[in-house]
Amino acid sequence: MNEALLDVRDLHVEFRTRDGVAKAVNGVSCTVEAGETLAVLGESGSGKSVTAQAVMGILDTPPGRITAGEVLFRGQDLLTMGEEHRRRLRGDRLAMIFQDALSALNPVLTVGAQLAEMFEVHQGMTRRDARTRAVQLMERVRIPAAEERVGDFPHQFSGGMRQRIMIAMAMALEPDLIIADEPTTALDVTVQAQVMDLLAELQREFNMGLVLITHDLGVVADVADKIAVMYAGRIVETAPVRALYAAPAHPYTRGLLDSVPRLDRKGRPLHAIKGLPPSLTDIPPGCPFNPRCPRARDVCHTDRPPLYTVGPERTSACHFWQETLEDRDDAGARR
Amino acid sequence: MGRYVVRRLLQMIPVFAGSTFLIFFMVYALGDPVAALFGDKAPDPAVAARIRQELYLDQPLWKQYLHYMGQVLTGDFGTAFTGQPVLELMADAFPVTIRLTIVAVLFEVVVGIALGVAGGLRRGRPADTTVLMLTLVVVSVPTFVSGYVLQYLFGVRWGLVPPTVPPEAAFAQLLLPGVVLGLVSLAYVTRLTRTSLVENARADYIRTAVAKGLPRHRVVLRHLLRNSLIPVVTFIGADVGALMGGAIVTERIFNIHGVGYQLYQGILRQNSPTVVGFVTVLVLVFLVANLVVDLLYAVLDPRIRHA
Amino acid sequence: MPEPTDRIPPEARDAVGSAAGGAAGLATREAESLEGGPVPGTARSAKARSLWTDAWHDLRRNPVFVLSALVIVFLLLIAVWPSLVAGGNPLQCDLAKSQEGPQAGHPFGFDAQGCDVFTRTVHGARASITVGVCATAGAALLGSVLGGLAGYYGGWWDAVLSRLADVFFGIPIILGGLVFLSVVTGRSVWPVVGFIVLLGWPQISRIARGAVVAAKQHDYVQAARALGAGDARLLLRHIAPNAVAPVIVVATIALGTYIALEATLSFIGVGLRPPTVSWGIDISNASTQIRNAPHMLLWPAGALSLTVLAFIMLGDAVRDALDPKLR
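These protein sequences, in sequence, are chains A, B and C. So the first sequence is numbered by UniProt numbering: it starts at 1 and just counts up by one. So the second sequence is numbered by UniProt numbering: it starts at 1 and just counts up by one. So the third sequence is numbered by UniProt numbering: it starts at 1 and just counts up by one.
FYI, nobody ran anything at the bench for these hints, they're computed from the structure. It is possible that part of the hints are untrue.
Said to hold, decoys possible - Derived CB-CB ranges, DEER-like:
id, chain 1, residue 1, chain 2, residue 2, range
1, C, His218, A, Gly218, 23 to 33 Å
2, B, Gln11, A, Ala145, 15 to 25 Å
3, A, Arg204, C, Asn62, 25 to 35 Å
4, A, Met125, B, Ala114, 24 to 34 Å
5, B, Pro45, C, Val184, 19 to 29 Å
6, A, Gln123, C, Arg225, 49 to 59 Å
7, C, Gly230, B, Gly75, 53 to 63 Å
8, A, Thr67, C, His218, 37 to 47 Å
9, A, Gly20, C, Val73, 31 to 41 Å
10, A, Val21, C, Asn62, 37 to 47 Å
11, C, Ile248, A, Asp298, 48 to 58 Å
12, B, Gln11, C, Gly230, 31 to 41 Å
13, A, Gly20, C, Val184, 52 to 62 Å
14, B, Ala114, A, Thr302, 51 to 61 Å
Quick reminder that beta carbons are idealized off the backbone N, C-alpha and C, glycines included.
If we strip away everything but chain A, and leave its shape as in the complex, we get (with noise of 0.2 Å):
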């Protein structure tokens, strides 16, 4: 098999916290290749945006810590190499766009100055020329009037403009992967389309490798090509996107997907999942889950369930993953 563009392998992450250990990433694994869309589904605190950090390397250490794992890109484990080396292929060859843009942006530095810094440092470029690729770059991502607005600062643009900066910014160096933060929870409905569309278009241009984090199930029916779902700093479930849409193989993501109106399911009521998520200081035995679950039985509470193989490209960590499969539409109603 060739070698995937990106490659986690057991990633485990530790915070050191007021109140102990908390477990961030627990044991994460996923591929992701050139020209793909990976969406990384969770709640908050399920260790998605720590998983981006730890590949990216701009985890905050201490109080972060990686244990275990490699992160292979382009089969060079990036936590083992000198950090010389990984400095020059963050931003270069693989990039990362934010979520805030107002605050991931430098508020005292021009956005072309934020711009043409990408090509001064990983390029050598002159200032002048630089700055004429800052201007290229507005312009790619659709900023009007790029040339009057190269000397602006990011507090002068509105949110959704900022974005594509953030996106410029990312773009410029045409990185083989990129991962986005909730790239688009911090607009407005309106224009989070028109974002998403953008990164879309420009993935498509460059056959870019992206990583979707976000919670938001529109958004990722619409882009991605299989996700992965995340729980307590497991991944719980991989599918391709149409599959896990058909027929969720875990309980957490029959319960993300029932508790988000729907058209298609238009009049039927909608369901939450109960209780919260597990502190990750304290991790519950056997399933995370196990709690908040409508299926759990005593062999949940413990023995922690492997990743199983449920169908081609398809994972679930549930030891009920085939009852769960076969539910389908009718496990809503019971409940």
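Fit chains B and C to the known structure of chain A by using the hints.
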């Protein structure tokens, strides 16, 4: 920007009037300058009345104040009771104090920012903790104590510098007094730099800068320091005014014939025109320094400039 | 189409917070857990109470806090009962012993007038602590009331008060002391206290104003107002408890600096005057003899610096405990 400057200037006028009137009130209404002229002798009532009239002192206080301010605006600060124009005293005293302040500010900027950066980049490590504790100790030792201690050690015990400053007060002779004057501010600059650095280090845009693959020195210099020094620069600006006003203690210790010395003499002899004149100028310096700081803030932080 | 909220089953409304529905809440909670703060699922009690409980939990284990608190308790004790530690009379001096060094029963030696330096140093605490505590209490009370009202009501009253604070702020403090105290007759601690309150309140009032303006924005204050709470109730029950923390921190640190200020004013000769026993006066007297008898300077200067340090460290520790992210 232009409107901002004008607005701040207009705001300054009532504050300047209020502060100087307060000083004027204390000196002329609470004290009795004419009685002071005669020292311990009881003044002849007729002579006293004549002097009061000459000096405009028989008018209501607000009229005296307006009269005084009118003269000040034409550059006339009146005449000291010794017969010397106050402006002449200022011409002698201010250059000395300005030199002293320059030494103090340079000292606190260079050493303070260096220490603050050194601590802030090593947050929580022994170097950082040591710097933090040292600054607390420095803040706690009042200037007149540290002044005497350093004067005793450097000037008397080790004989490295002359213990007192000769009247010409050249820059080289003001090194030790400058350090003494700037010491407490140095501690504040260090702490402020450190706190600001630590706060900004966890800002999202620093994370972005790292994710862009910038080398560490570029992240620190261009992104972290550029943002962190904004409050430090503004503190130092405001401190210039405070240092000139507070130089009186240092000048007394090292016998420097600057503004503080003249003021002190003026107060001892109840020489009201000297006192009011000097304090008026110092208040003005203080207010202008704060105004410059506000404008500087707007220059350094585009978010304020465009607000 | 979405149903009116009251017809959605309670279970489903829960989903907004717990499952995938709650967009905004999710994002901020994740940010918190990344900073090593509360992890989702950890129970958090009412905001103001847990702030103080957490702070107290931290403070008890902070050696800097414990040490400075012990020093302050000791200082308060000798300020009230100086004879507990030093039985002698600070004003009873023997010129024959002028500038003598340490000897049995007189561990710190004698000053130029032949007074026992140890006794004078112990008795000097009273003046410093009195000025510090009274001036801080006055400035904090005046400042937080004026600043709090300005912040709460805003508008015209706020503008006038802010300019007034600027006027007092515009006078460099030692200069102001020199001018003001040189014309005031009577040499008790009260003119000094009065002067420090006069020039000190704007600092507290700015802090209090800012804190009240910030607290006023909080949703629970808006909610209480919407439920018909009156001004007095809002200010006292909802805003004051949240605005009081920064005022306490600034006031504690200010207490230290006020003590230093009193000593500085006494040193210049416009603060306290003999026969009041004050560290500032003793340091001023000692300074003329520094070449012959440095020990005369050492003890009152050390006591003064230690006192100021204790209050500043206490304030610093409290601030760190209330605002742990700055550590």
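Hint check:
1. C:His218 / A:Gly218: 23 to 33 Å: For Gly218 (chain A) against His218 (chain C), whose Cβ atoms are near 32 Å apart, the range 23 to 33 Å holds.
2. B:Gln11 / A:Ala145: 15 to 25 Å: 36 Å, violated
3. A:Arg204 / C:Asn62: 25 to 35 Å: 56 Å, violated
4. A:Met125 / B:Ala114: 24 to 34 Å: 33 Å, holds
5. B:Pro45 / C:Val184: 19 to 29 Å: Since the Cβ atoms of Pro45 (chain B) and Val184 (chain C) sit about 26 Å apart, the hinted range of 19 to 29 Å holds.
6. A:Gln123 / C:Arg225: 49 to 59 Å: 57 Å, holds
7. C:Gly230 / B:Gly75: 53 to 63 Å: 56 Å, holds
8. A:Thr67 / C:His218: 37 to 47 Å: 39 Å, holds
9. A:Gly20 / C:Val73: 31 to 41 Å: 34 Å, holds
10. A:Val21 / C:Asn62: 37 to 47 Å: About 22 Å separates the Cβ atoms of Val21 (chain A) and Asn62 (chain C), which means 37 to 47 Å is violated.
11. C:Ile248 / A:Asp298: 48 to 58 Å: Since Ile248 (chain C) and Asp298 (chain A) have Cβ atoms about 54 Å apart, the given range 48 to 58 Å holds.
12. B:Gln11 / C:Gly230: 31 to 41 Å: 34 Å, holds
13. A:Gly20 / C:Val184: 52 to 62 Å: This hint holds: roughly 60 Å between Cβ atoms.
14. B:Ala114 / A:Thr302: 51 to 61 Å: 59 Å, holds
Against the hints set out earlier in the document, violations occur for numbers 2, 3, 10.
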